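Asks: Generate the whole structure from the sequences, applying the supplied hints.
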Amino acid sequence: MSAVATAPALEVTDVEVVYERRDRDPVRAVAGVSLTVGRGQIVGLVGESGCGKSTLAKAIVGLERPRSGRIVFEGRELSPLTRRARPIEETRLQMVFQNPFSSLNPRRRIGAQLAEALQMAWSGSRAGGTGSLRERVTELLSLVGLPANAADRFAHQFSGGQRQRIAIARALAADPTVIVLDEPLSSLDASAQAQIANLLVRLSRELDLALVLISHDLAIVQHIVDEVAVMYLGKLVEQVPSGELWELPAHPYTEALIGAIPRADGERTLPVALAGEVPDPSAPPSGCRFHPRCPYAFDRCRVDEPEQIAIGRGREVACWLHEPGAEPKRPGELAAARADA
Amino acid sequence: MSAVDAALPPSRLRRFKRSRSRSAARSWWRQPTMLIGLTIAAIWIVVAIFAPLLAPHDPLAQDFAITQAPSGAHPFGTDELGRDILSRVLVAARNSLPLAVLLVLCAGTLGTTLGVVAGYVGGWVDGLIMRLADLFSAFPAIVLAMVVTASLGPSTRNAVLALVTVTWPIYARVVRSLVLSIGQAEYVQAFRLHGASARRAMWKEVLPNVMGPIIVLATIYLADALLLLAGLSFLGLGTQPPTPEWGSMISVGTQYFQNWWMATFPGLAIFSAALAFNFIGDGLRDVFDPQSQIGSGARGGSESVEEDA
Chain A
8 MSAVATAPAL
18 EVTDVEVVYE
28 RRDRDPVRAV
38 AGVSLTVGRG
48 QIVGLVGESG
58 CGKSTLAKAI
68 VGLERPRSGR
78 IVFEGRELSP
88 LTRRARPIEE
98 TRLQMVFQNP
108 FSSLNPRRRI
118 GAQLAEALQM
128 AWSGSRAGGT
138 GSLRERVTEL
148 LSLVGLPANA
158 ADRFAHQFSG
168 GQRQRIAIAR
178 ALAADPTVIV
188 LDEPLSSLDA
198 SAQAQIANLL
208 VRLSRELDLA
218 LVLISHDLAI
228 VQHIVDEVAV
238 MYLGKLVEQV
248 PSGELWELPA
258 HPYTEALIGA
268 IPRADGERTL
278 PVALAGEVPD
288 PSAPPSGCRF
298 HPRCPYAFDR
308 CRVDEPEQIA
318 IGRGREVACW
328 LHEPGAEPKR
338 PGELAAARAD
348 A
Chain B
24 MSAVDAALPP
34 SRLRRFKRSR
44 SRSAARSWWR
54 QPTMLIGLTI
64 AAIWIVVAIF
74 APLLAPHDPL
84 AQDFAITQAP
94 SGAHPFGTDE
104 LGRDILSRVL
114 VAARNSLPLA
124 VLLVLCAGTL
134 GTTLGVVAGY
144 VGGWVDGLIM
154 RLADLFSAFP
164 AIVLAMVVTA
174 SLGPSTRNAV
184 LALVTVTWPI
194 YARVVRSLVL
204 SIGQAEYVQA
214 FRLHGASARR
224 AMWKEVLPNV
234 MGPIIVLATI
244 YLADALLLLA
254 GLSFLGLGTQ
264 PPTPEWGSMI
274 SVGTQYFQNW
284 WMATFPGLAI
294 FSAALAFNFI
304 GDGLRDVFDP
314 QSQIGSGARG
324 GSESVEEDA
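Sequence lines, in order, name chains A and B. The numbering of the first sequence is the numbering used here, which starts it at 8 and goes up by one. The numbering of the second sequence is the numbering used here, which starts it at 24 and goes up by one.
By construction, these hints were calculated from the structure, which means they are not laboratory data. Keep in mind that this is a model prediction, so the values were computed, not measured. Errors might be hidden in some of the hints.
Taking CB as the label site, the calculated pair distances span [to be verified]:
1) A:PRO299 x B:PRO163: 53 to 63 Å
2) B:PRO55 x A:GLY47: 26 to 36 Å
3) B:SER204 x A:GLU312: 17 to 27 Å
4) B:GLY145 x A:ARG320: 43 to 53 Å
5) A:SER149 x B:ARG222: 27 to 37 Å
6) B:ALA221 x A:ASP21: 50 to 60 Å
7) B:SER220 x A:GLY76: 23 to 33 Å
8) B:PHE162 x A:GLU312: 55 to 65 Å
9) B:ILE238 x A:PRO269: 43 to 53 Å
10) B:SER220 x A:GLU84: 15 to 25 Å
11) B:ALA221 x A:GLU84: 14 to 24 Å
12) B:ILE238 x A:ALA226: 20 to 30 Å
Residues from chain A that face chain B, not an exhaustive set, calculated with beta carbons under 8 Å [what the hints assert, rightly or not]:
13) ARG28
14) ARG83
15) SER86
16) ARG91
17) LEU111
18) SER139
19) GLN229
20) HIS230
The C-beta atom is built at its ideal place from N, Cα and C for all residues, glycine as well.
Replies: Below is the structure:
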């Protein structure tokens with residue numbers, strides 16, 4: 008019992024997703040990722056477009072079959088979705104999709120969609136509360152800040168932010184312990200982003216809900232998450248508790264991402280864009296995947312691929328600059344050293 | 024309701040409420056083309072039902088006064104056997120229209136079923152069904168139908184049978200692609216993650232979204248079916264004389280082209296009925312579009328509920 012209680016809610020180990028293509032090289036969209044999400048923890052997964060974030064999200068919930076690796080949810084290994092109904096225990100792992108305009112059925116009333124999700128959870132004898140179905144639907148809607156009469160409407164009658172709330176409400180219908188959110192904020196305007204972000208934090212605290220929040224926008228994520236995992240070209244390059252990240256990013260890529268956040272500090276400093284594009288994932292660069300764009304790359308980076316190494320409490324980085332044998336030289340220090348010379 | 028009541032200004036609230044109660048029932052047929060289509064179709068349906076009462080003469084009664092021009096006694100004239108063309112056009116509606124509906128129902132059911140099976144099962148079953156569909160649509164429909172009727176023998180039943188075999192691929196293709204694309208939709212994936220089997224997702228989420236487009240398609244192809252049936256009769260492979268049928272009446276009429284009325288009036292009948300079905304199909308497309316204000320039963324298409332978070 009205690010072993011279960013202390014086990015992480017979600018444990019992803021060396022997951023690799025490969026897309027086979029006819030007549031062309033296969034794409035390793037996710038090239039071996041390990042990630043642990045504790046109960047009630049909010050983990051941000053950050054990276055540029057095309058780095059495999061969404062593929063990883065689908066693999067985690069079982070919509071994509073990984074070539075290798077394990078996904079352990081609540082102590083049991085999760086198998087990818089087949090034609091059969093997913094076992095009821097596994098439905099406590101939920102997902103919210105990127106586009107709120109395609110994640111709701113256009114032809115069914117919101118209430119019917121929520122009620123059906125509730126019924127599926129109930130039929131698995133997991134009582135999601137008391138009261139009639141209709142009351143539970145109302146409860147779910149109020150949980151995400153929508154009026155009860157929203158149940159009688161269709162998806163197209165709502166704005167993007169409202170739809171995203173409904174999508175979250177539907178995920179909540181399964182009484183989840185982990186929700187994977189694939190860019191839940193990117194298609195919303197700034198005020199809706201803030202509302203949904205606050206909603207997510209509140210829900211996570213109230214319901215002891217773990218969230219995997221996928222985003223390409225470090226600026227939004229920083230305010231919400233407990234831990235950040237930075238992904239580049241199918242691999243995690245850095246994992247760090249959120250607070251530490253801002254003090255001193257360990258990986259040059261993380262540094263570049265932070266540098267690219269616009270700042271309103273009155274000093275008119277323009278964000279620094281990282282040069283170049285994300286390379287073709289079917290032909291990743293040799294050695295460290297980031298070396299062609301890395302300002303600190305040296306010979307070894309072009310040949311050997313760095314493994315993740317622990318550089319602090321709960322902090323891991325995959326970069327030769329932090330190799331244990333070598334003198335630790337973080338990008339910030341290195342830049343300072345260059346400025347002195 | 025109360026939250027909306029509080030949030031909306033009175034003018035918008037009034038419009039919102041009115042639209043919810045009345046405009047849904049009022050507006051979907053209010054588009055002009057839909058109205059025209061429905062009117063013509065209704066007239067033809069009434070004609071088909073009451074043809075024996077409406078027809079001024081026996082459609083089969085022959086007269087030695089052949090190929091008479093339109094007159095008071097015979098408003099549409101008479102044909103090469105002296106039969107009243109008006110009566111024949113009216114009575115032919117009883118044959119042509121139900122046949123067209125039957126054809127669309129059979130081909131639509133067969134095509135939809137095969138399309139769903141192909142899209143759902145996939146693999147070699149999908150391959151087999153779709154290659155069959157390719158095979159049947161590689162030839163012009165009327166040519167293939169001619170081959171089938173020629174081998175089975177010309178009759179009304181065989182004409183319908185032949186046209187079912189050549190028109191089902193239309194529905195199968197559309198349904199298969201809809202099943203595949205909707206099956207990948209995020210709301211279906213979300214439904215699966217809640218513990219629904221693929222079959223349940225198919226019934227509950229995919230098929231309801233497929234039916235709208237299929238009904239629209241079927242209505243538009245009702246016009247096509249009418250023309251194809253008339254075409255086969257025109258070629259002498261469909262309904263056999265002396266039963267009045269629009270296509271075969273035109274066929275005979277073209278042999279007497281100096282008597283313009285013989286082909287013109289059945290032609291107008293086909294034209295008006297086909298046009299009506301096309302109009303209705305177009306109108307239904309809007310009705311079944313959940314985005315359109317007409318379809319959903321509520322006006323506030325882009326309006327969203329105002330709410331305080």
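Asks: A separate judgement is required for each hint: does it hold in the structure or not?
Replies: Status of each hint after checking the structure:
1. Roughly 57 Å separates the CB atoms of PRO299 of chain A and PRO163 of chain B, a value that falls within the hinted 53 to 63 Å.
2. The hinted range of 26 to 36 Å is not satisfied by PRO55 of chain B and GLY47 of chain A, whose Cβ atoms lie roughly 60 Å apart.
3. A hinted range of 17 to 27 Å for the beta carbons of SER204 of chain B and GLU312 of chain A is inconsistent with their spacing of about 39 Å.
4. Between GLY145 of chain B and ARG320 of chain A the C-beta distance comes to about 49 Å, which sits within the given range of 43 to 53 Å.
5. Evaluation of the 27 to 37 Å hint for SER149 of chain A and ARG222 of chain B yields a pass: the beta carbon distance comes to about 33 Å.
6. A hinted range of 50 to 60 Å for the beta carbons of ALA221 of chain B and ASP21 of chain A is inconsistent with their spacing of about 28 Å.
7. About 26 Å separates the C-beta atoms of SER220 of chain B and GLY76 of chain A, a value consistent with the hinted range of 23 to 33 Å.
8. The hint said 55 to 65 Å for the Cβ distance between PHE162 of chain B and GLU312 of chain A, and at roughly 58 Å that hint holds.
9. Evaluation of the 43 to 53 Å hint for ILE238 of chain B and PRO269 of chain A yields a pass: the beta carbon distance comes to about 51 Å.
10. At about 21 Å, the beta-carbon gap between SER220 of chain B and GLU84 of chain A stays in the expected band of 15 to 25 Å.
11. Evaluation of the 14 to 24 Å hint for ALA221 of chain B and GLU84 of chain A yields a pass: the beta carbon distance comes to about 21 Å.
12. Checked against the hint of 20 to 30 Å, the C-beta distance between ILE238 of chain B and ALA226 of chain A comes to roughly 48 Å, which is inconsistent with it.
13. About 18 Å separates the beta-carbon of ARG28 of chain A from the nearest beta-carbon of chain B, more than 8 Å, and the hint is not met.
14. Violation of the interface hint for ARG83 of chain A is found here, the shortest Cβ-Cβ separation to chain B being roughly 15 Å, above the 8 Å cut-off.
15. The restraint placing SER86 of chain A at the interface with chain B is violated, with a minimum CB-CB distance near 13 Å, outside the 8 Å limit.
16. Nearest Cβ of chain B to the Cβ of ARG91 of chain A: about 6 Å, under the 8 Å cut. The hint holds.
17. Residue-level restraint check for LEU111 of chain A holds (minimum Cβ-Cβ distance to chain B is 5 Å; threshold 8 Å).
18. Violation of the interface hint for SER139 of chain A is found here, the shortest Cβ-Cβ separation to chain B being roughly 18 Å, above the 8 Å cut-off.
19. The interface hint given for GLN229 of chain A is broken, as the beta carbon of that residue sits about 21 Å from the closest beta carbon of chain B, more than 8 Å.
20. Interface restraint check for HIS230 of chain A: the shortest CB-CB distance to chain B comes to about 16 Å, outside 8 Å, so the restraint is violated.
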